[in-house]
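Asker: Given next are the chains, with one letter for each unit.
Protein chains: 2
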Amino acid sequence: MENSSTNSRFRSSLFNHDDEDQDKEYVGFATLPNQVHRKSVKKGFDFTLMVAGESGLGKSTLVNSLFLTDLYKDRKLLNAEERITQTVEITKHTVDIEEKGVKLKLTIVDTPGFGDAVNNTECWKSVADYIDQQFEQYFRDESGLNRKNIQDNRVHCCLYFISPFGHGLRPLDVEFMKALHEKVNIVPVLAKADTLTPSEVKKKKFKIREEIEQYGIKIYQFPDCDSDEDEEFKQQDQELKDSIPFAVIGSNTVVEAKGRRVRGRLYPWGIVEVENSAHCDFVKLRNMLVRTHMQDLKDVTRETHYENYRAHCIQSMTRMVVKERNRNKLTRESGTDFPIPTGPGLADTETEKLIREKDEEVRHRAEHGHGHDHQHGHDLNNEHVHEHNHGHDHEHEHGHEQHQDPHVEHEAHSEHHPPYPEGS
Amino acid sequence: MENSSTNSRFRSSLFNHDDEDQDKEYVGFATLPNQVHRKSVKKGFDFTLMVAGESGLGKSTLVNSLFLTDLYKDRKLLNAEERITQTVEITKHTVDIEEKGVKLKLTIVDTPGFGDAVNNTECWKSVADYIDQQFEQYFRDESGLNRKNIQDNRVHCCLYFISPFGHGLRPLDVEFMKALHEKVNIVPVLAKADTLTPSEVKKKKFKIREEIEQYGIKIYQFPDCDSDEDEEFKQQDQELKDSIPFAVIGSNTVVEAKGRRVRGRLYPWGIVEVENSAHCDFVKLRNMLVRTHMQDLKDVTRETHYENYRAHCIQSMTRMVVKERNRNKLTRESGTDFPIPTGPGLADTETEKLIREKDEEVRHRAEHGHGHDHQHGHDLNNEHVHEHNHGHDHEHEHGHEQHQDPHVEHEAHSEHHPPYPEGS
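Line order of the protein sequences matches chains A and B. Following numbering that gives the first Met the number 0 from start to finish, the first sequence increments by one per residue and tops out at 423. Following numbering that gives the first Met the number 0 from start to finish, the second sequence increments by one per residue and tops out at 423.
The set of hints was computed from the structure by calculation and includes no laboratory data. Be aware that one or more of the hints could be misleading.
[What the hints assert, rightly or not] List time: in silico DSSO-like cross-link candidates among lysine-lysine, alpha-carbon distance up to 30 Å:
1. LYS283/A to LYS41/B
2. LYS240/B to LYS42/A
3. LYS42/A to LYS206/B
[Stated by the list, open to error] Calculated Cβ distances over 10 Å to all of chain B for the following chain A residues:
4. THR30
5. ASN145
6. ARG290
Every residue gets a Cβ at the ideal spot worked out from N, C-alpha and C, and that includes glycine.
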């Protein structure tokens with residue numbers, strides 16, 4: 000309920016500076032997070048969730064249950080023959096939903112339920128390609144001239160559905176997750192958990208976690224707790240981490256259980272309640288995905304997976320330019336003054352070093368989580384830490400000539416200062 | 000006092016999902032702004048403020064008064080001869096301050112008080128260059144391979160000090176502001192306002208606003224109010240807009256006025272209280288700069304001034320590459336396959352069109368404010384607006400070949416798909 004009075008709260012924080020705020024020691028920049036909060040509400044949010052795994056594991060039902068919306072209104076169930084073609088397509092559903100004044104543009108990327116095909120070799124390929132294509136589009140857009148209305152279709156999370164009937168992971172699961180784990184945040188779920196008893200769930204989860212470790216699969220790592228969090232928070236965080244893979248049950252049906260109307264499944268032996276945490280991890284998954292970690296999933300996508308993709312692209316471009324230049328050297332002399340993003344010196348040493356570092360970082364995250372990576376660049380000392388950057392002081396001399404105003408003389412400007420970096 | 004319990008508030012919003020939250024119609028993404036809030040606190044903030052204007056107008060004193068810190072501890076006052084050299088330098092002071100758990104890395108960029116030199120021709124040049132250099136550095140950094148720890152030195156706001164003794168603006172003021180107004184958010188202040196009576200302040204403000212309009216100077220425009228704000232909010236917002244240029248008085252001295260200890264100036268005829276809104280606009284300026292509009296100043300810098308600079312850079316690069324290619328055509332045939340950011344087709348038509356649009360946009364903002372520009376891309380309908388993007392559906396076919404996995408075969412990948420845009 001913390002958002003119900005967003006507007007009035009901000010209105011008061013923005014203008015009604017009462018006597019308290021006239022406090023001699025209070026400047027007022029403590030309102031910065033509120034300014035950010037307010038702007039984010041105004042702008043609205045977006046989130047792209049991919050679902051993958053064998054067909055028939057209840058992917059669509061779970062998504063509908065998670066977001067209390069019918070994303071697949073128009074879907075028709077296909078017969079066996081049609082299903083062979085159905086599996087080759089990746090489809091995208093977008094829905095604008097609003098809750099307590101917060102707008103979310105939710106996109107669900109539905110991948111072919113790959114168990115359906117007879118030959119599943121490289122079934123992960125089209126999914127991996129899809130993710131790369133979204134990165135590529137974003138790379139083009141953010142390298143372009145007009146970046147005002149870039150549509151960001153990068154995939155923030157992939158819910159990977161594991162069959163409750165396998166003995167742990169199936170070879171296809173391993174292959175699929177390994178093909179994707181450096182491109183997207185994978186969150187494994189144990190599907191249709193109402194076919195397993197609590198002790199079976201426990202054993203199966205343990206087995207799957209063990210195999211994930213054993214096969215070197217890097218699933219999404221929850222960020223570490225801050226050390227200043229209280230014990231209760233830390234315990235809940237640990238519980239969340241121990242719930243992987245989340246055992247889930249989906250249902251779009253409301254049934255009556257002990258006088259309450261709940262979403263669930265009515266069996267002759269009892270009622271399975273989707274949102275009862277004694278029955279499955281549905282609520283835990285939804286809380287993680289929506290209420291606590293949605294922003295982190297977006298941040299990791301942007302800061303790690305996308306940056307990874309981008310670094311690989313730049314590396315290959317650089318290699319190509321170097322090759323081209325070497326070719327040019329045979330025909331003419333002055334082929335070295337192109338303003339390309341990365342200079343020739345970088346090509347085989349610096350670039351590769353950086354990419355190795357990035358790979359290392361991804362590995363590190365997978366092993367140790369990444370919660371603290373977001374926190375950097377700020378001195379932890381309390382107040383008035385003077386940092387007179389004398390290295391940077393006096394960095395400017397009056398009347399120097401080499402830097403031209405780009406508004407005045409474009410050609411001259413860029414010939415003196417190629418705006419893309421050449422050496423760093 | 001809205002931030003005093005930041006941690007506990009978030010802790011409870013992140014994990015304690017009580018019965019209220021089990022509401023059947025509540026998914027939970029309304030916590031997204033809180034996730035953003037929380038992350039912003041964790042990461043910390045930075046802000047770069049530039050002060051400019053004639054020397055002797057109390058720039059340093061005002062900055063110290065604004066942030067309740069002594070940024071100029073080490074500064075020595077210079078004699079007349081020294082001052083001639085002093086004025087040619089731009090200096091930068093950084094201080095880490097913390098308030099209610101919110102960390103701010105504040106950078107003050109101090110520009111030469113230009114009235115000191117005998118010849119002030121192009122005195123704005125070094126300041127304009129400084130701003131461009133920060134943009135250029137950022138452009139290099141964000142075009143580089145490792146973008147993890149980019150230090151952002153872009154100038155978010157320039158407080159421009161106007162002398163209380165001029166009859167409105169001086170020619171130098173006009174020249175200076177016009178040279179900078181497309182690069183930085185200019186906030187004009189009427190300095191040392193304790194030398195003017197209230198009616199003089201009123202007349203001088205009116206004159207200055209008139210001249211700003213008349214000379215086509217585009218100062219920072221406060222974003223428009225949302226139409227759903229209440230009347231009180233709208234009135235305060237209008238008052239803020241009518242206060243331009245803020246009449247300010249700085250003081251680092253605490254004096255006793257009617258039994259209270261206040262920051263002020265003790266005259267034989269009375270005490271000028273810096274934070275008394277009947278005496279000057281200091282509190283209004285501080286509220287605007289720090290408590291209400293700091294994030295907007297950063298956003299406009301990033302979205303308008305920097306994007307403007309970047310577009311000009313890319314345009315000049317493109318022109319250069321086209322020239323180079325034309326030169327190449329004379330010597331060899333196959334010179335057209337470089338993966339440059341913007342393709343040749345763009346050079347003189349698309350690029351320039353986009354830059355014209357950007358210029359138009361800046362003009363539009365200056366004329367109409369820009370408050371609503373941040374809000375786009377989200378449907379305003381309430382819930383469950385289905386948007387089955389059938390244009391984008393089925394966008395993927397199984398087993399197609401043209402997109403290579405960049406992890407596997409870099410050279411092939413980039414030769415099929417130059418990752419930089421060639422046509423958009």
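Asker: Quick check: which numbered hints come out false for this structure?
Answerer: Of the numbered hints given earlier, those the structure breaks are 3, 4, 5, 6, listed in rising order.
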